[in-house]
Structures are given as C-alpha cells and as structure tokens.
Amino acid sequence: MNLDQLNQVLGLLNTVMGMMPKVSLYYFAAAIAAGWALLILAGVVYINLLHGENDYVISRMLNTFWVYMAGATVAFVLTRGSVLNAIAWWLGSMIVFEMLFMQFALAYNKLKANPDMPGWKRYPLLAFLLGVLIVGFPFDVNFNLTWGRMMFWQKPLLIGHGETPWKRISHGDWTLTATLIRNVAAYTWQGSLARFICLKLIHPWDKTHCGKIVLL
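Position 7 (the sequence shown) corresponds to 6 in numbering that gives the first Met the number 0; numbering is contiguous.
Derived by calculation from the structure, the hints in this document are not laboratory data.
We put the beta carbon where it would ideally sit given N, CA and C, even for glycine.
Be careful, since some hints might not be right.
As the list claims (entries may be wrong) - Distance windows between CB atoms, simulated:
hint, residue 1, residue 2, range
1, Phe195, Val66, 25 to 33 Å
2, Ala112, Val66, 36 to 44 Å
3, His208, Leu124, 14 to 22 Å
4, Ala29, Thr63, 28 to 36 Å
5, Trp188, Lys166, 14 to 22 Å
6, Thr207, Ala185, 18 to 26 Å
7, His202, Asn53, 36 to 44 Å
8, Leu37, Ser191, 33 to 41 Å
9, His50, Lys21, 43 to 51 Å
10, Ile94, Ser191, 20 to 28 Å
11, Lys199, Asn108, 31 to 39 Å
12, Leu83, Lys206, 34 to 42 Å
Starting from the given sequences, assemble the full structure and let the hints guide the process.
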C-alpha cells in the first residue's frame with residue numbers, strides 16, 4: 000500500500016467516523032458500570048443462589064461480559080470523530096494506566112520498605128493505595144479485556160484453577176499483569192511484547208510484578 004492509498008483509506012475512515020454520533024463519556028462509564036453490575040449479579044445468582052458449578056456456563060457468562068466490555072470500549076473510541084482522535088484516546092488510556100500503576104507501586108514499595116512507619120504517615124498512604132485500587136482495578140480489567148486483547152491478539156482465559164467457582168474465576172487472566180505473566184516466557188511475538196512492557200514500563204517501579212522474566 001502506497002502513501003496515496005493510505006491517505007484514501009484514512010480519509011474514508013475519517014468520513015465514516017465523522018458520521019457517527021459522539022457518545023458522552025458519562026454514557027460510556029454508565030455502560031461499563033452496568034456491565035460490571037450484571038456480571039456480578041449473574042455470578043451471585045448462578046453460583047451462590049443456584050449453586051451452579053458448571054465451568055461451561057460460567058465461561059459463557061464471562062465471555063459475554065468480555066465481548067460486551069470490549070465492544071462498548073471500541074465503540075466509544077470509534078465515535079470520537081476521526082482516526083487521530085481514536086488513536087489519541089488509545090494512547091491516553093495507556094498513559095493513564097501507566098500513571099496509576101506507577102503511583103500505586105511507589106506507595107506500596109514505600110510501605111513495604113518501612114514497616115515501622117508511624118501511623119500519621121502510614122494511614123494516608125494506605126488511604127491513597129485504596130483510592131488507586133478503587134479507580135485502577137476496574138480500569139486495569141477493562142484495559143486488559145479490550146486493548147490488551149488487541150495488543151496480544153489472544154482470547155482471555157477468564158477461568159483458572161481452583162476448588163470453587165469463585166476461586167477459578169479469580170485465577171483467570173483478568174488484569175494486564177496476568178496476561179503479561181502468561182506470555183512473558185513464551186518464545187512468540189507475544190512473549191517479546193510482554194517482556195518489553197515488563198522491562199520498560201513496569202520494572203522501573205516494581206521489579207517483581209511480572210514474576211520471573213526471561214531476557215531474550
């Protein structure tokens with residue numbers, strides 16, 4: 000594809016995206032919150048009330064949630080009006096994600112390195128960590144289930160190993176960290192990408208976050 004053809008494709012994409020009505024960030028946040036609420040409700044009803052333990056049913060439920068979250072996020076980005084704006088939102092989400100992780104890692108490492116820290120210093124740090132977790136964990140999961148899937152071109156493994164359904168769900172690849180650990184030692188392009196992210200974006204703040212990294 001030469002430069003003229005690329006410009007034509009970009010022009011067509013910009014035209015199509017410009018015709019789409021812009022979706023408010025508040026509506027997008029409400030859609031994501033509704034997805035979380037429906038997933039938790041479905042899990043509680045099936046696992047706790049109906050005592051269901053069939054991994055096939057649980058997998059179907061989790062995959063529906065994944066597709067919904069990915070679809071809502073991609074649809075929101077595609078309604079930004081142009082390819083440039085869509086790329087800006089994608090890069091912006093990566094920067095916000097990195098900033099949240101950096102702040103969490105610095106505060107956590109400070110607490111870990113100073114177990115005898117006085118309460119007047121310790122409690123504000125704990126409150127800060129809690130705040131970052133409240134904001135960062137849903138952001139992490141949503142990022143992993145959307146852009147993380149595109150970056151690694153893999154279907155998420157949302158059910159892991161465990162004695163109970165909730166434990167199996169909790170051991171799935173919900174966060175980007177879980178996806179990185181799954182790929183970091185692989186002899187594939189996904190492994191190379193995982194090692195690059197771990198070494199360049201995570202190791203400067205937390206050298207143990209990705210587990211044992213194979214430098215290839």
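- Message: Need the list of violated hint numbers for this structure, in ascending order.
- Response: 4, 5, 11
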